[in-house]
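Residues per chain, in single letters:
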Amino acid sequence: MALETRDKLAQSVNIVFDEISKTGAARPGPVKEAVQKITIVI
Amino acid sequence: MAMSHGRHLDASFDNHSFAVCTLAMILGQALGYDTMKFHELATGALLHDIGLLQLPRHLLRTSTPLSGEDLAAFHHHPQLDAMAIETQRDFSQTVRQVVAEHHVTPDGNGYPSDTSAGSTTEASRIVRIADRYDELLTGFGGLRPLPSHAAIQQLFQEGEFGRLDLRLVSLFIKLVGIYPIYSFVSSIRKKGG
Numbered sequence: 005m006a007l008e009t010r011d012k013l014a015q016s017v018n019i020v021f022d023e024i025s026k027t028g029a030a031r032p033g034p035v036k037e038a039v040q041k042i043t044i045v046i
Numbered sequence: 009m010a011m012s013h014g015r016h017l018d019a020s021f022d023n024h025s026f027a028v029c030t031l032a033m034i035l036g037q038a039l040g041y042d043t044m045k046f047h048e049l050a051t052g053a054l055l056h057d058i059g060l061l062q063l064p065r066h067l068l069r070t071s072t073p074l075s076g077e078d079l080a081a082f083h084h085h086p087q088l089d090a091m092a093i094e095t096q097r098d099f100s101q102t103v104r105q106v107v108a109e110h111h112v113t114p115d116g117n118g119y120p121s122d123t124s125a126g127s128t129t130e131a132s133r134i135v136r137i138a139d140r141y142d143e144l145l146t147g148f149g150g151l152r153p154l155p156s157h158a159a160i161q162q163l164f165q166e167g168e169f170g171r172l173d174l175r176l177v178s179l180f181i182k183l184v185g186i187y188p189i190y191s192f193v194s195s196i197r198k199k200g201g
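Chains as they are written, first to last, in my numbering: chain A, 5 to 46; chain B, 9 to 201.
Next up, chain B with everything else stripped away, as it sits in the complex:
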């Protein structure tokens, strides 16, 4: 296993992982997951990008499209995720699948390309939605951040185009669409009202 020398990502990595974990749990709760499934989902979500900790910083900090070589390295991170937990028997099969499959899309695209879309777990598809939503909102991974309504719209379109599980996307939007994370709600009250 290759070792990195100290943290080479900033707090945005922690925030992204924490946000994806929280969003995935919201969906898991709505789907009525029992305690074990809920913890497996949360663990997979928290660890879903740990392979990125092994990649050079510039791959995540860029605001321009990655070169072919860099893109290939970035697309390798699910395998690095899986390697980081492969020797630990206490991580369940679901957790292993989530970290390895969270970039596999229902339409058969995505990566790693050798994973069949039909074989992904629901937990992986949940984490994919949570991951994508946080990427769109925050710009994590070099994207241009979108306002919450645009992120929701993009998420729905990707569901319609088969890049996300549309049933889960629809539920997700119902759950977080009114007051998305990172939004602020202010109370407008007239004096004396």
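Extracted from the complex, chain A is given alone in its bound form:
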């Protein structure tokens, strides 16, 4: 996996976990977006 791609994926994942950490809840939208990016690359 290219480093740039990995960084973009990491950014998406980080957004999801930051939000969960701050609010205590996971929103489906950002989670779905991160999962879609991961599944496309993998």
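What the hints contain is simulated information worked out from the structure, not anything from laboratory work.
One side only, chain B facing chain A, incomplete, derived with CB under 10 Å:
{"#": "1", "residue": "M33"}
{"#": "2", "residue": "I34"}
{"#": "3", "residue": "L55"}
{"#": "4", "residue": "D98"}
Ideal placement from N, C-alpha and C gives every residue a C-beta, glycine not left out.
The hints should help you fit chain B onto chain A, whose structure is shown.
Just chain B, lined up with the frame of chain A:
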């Protein structure tokens, strides 16, 4: 819902979640999952430890065995995982089961203890294997990291002892055993060869 004040885990949490998601997808793909099942598996795997974000950092950073009280708090994280998604109807039942069941073992041990081993979904058992493998390799959660061959050996033993689904473990080892993640393959070529 209790709120934490900013991230209190470092990048290892993100890396662990990402690795477990990737490993679970490898198994899901080999099992011929359709698009919906594949996405549910990936979502559950990505979110499988989000309850840990609500726990004090020292529970994950320790290199010594947790005290009884701390261990009880750590074992509570699947319930915290479930709470983090319980109000969101867009998460499927499979995703909810994966986050709640990923520490339930086929032999009936594991936690939460009120979950029957026989009722766990295949997706939960997949995520349990991916989670355990990454823990063994990286030391995530305070374990001593193992070399890849030792992690594979440990995984197989846990399958034999009924702590992991042996059929899925065997498939997993076939899929990742040759070149496990975090391994490097170097090409040895003679000059002019």
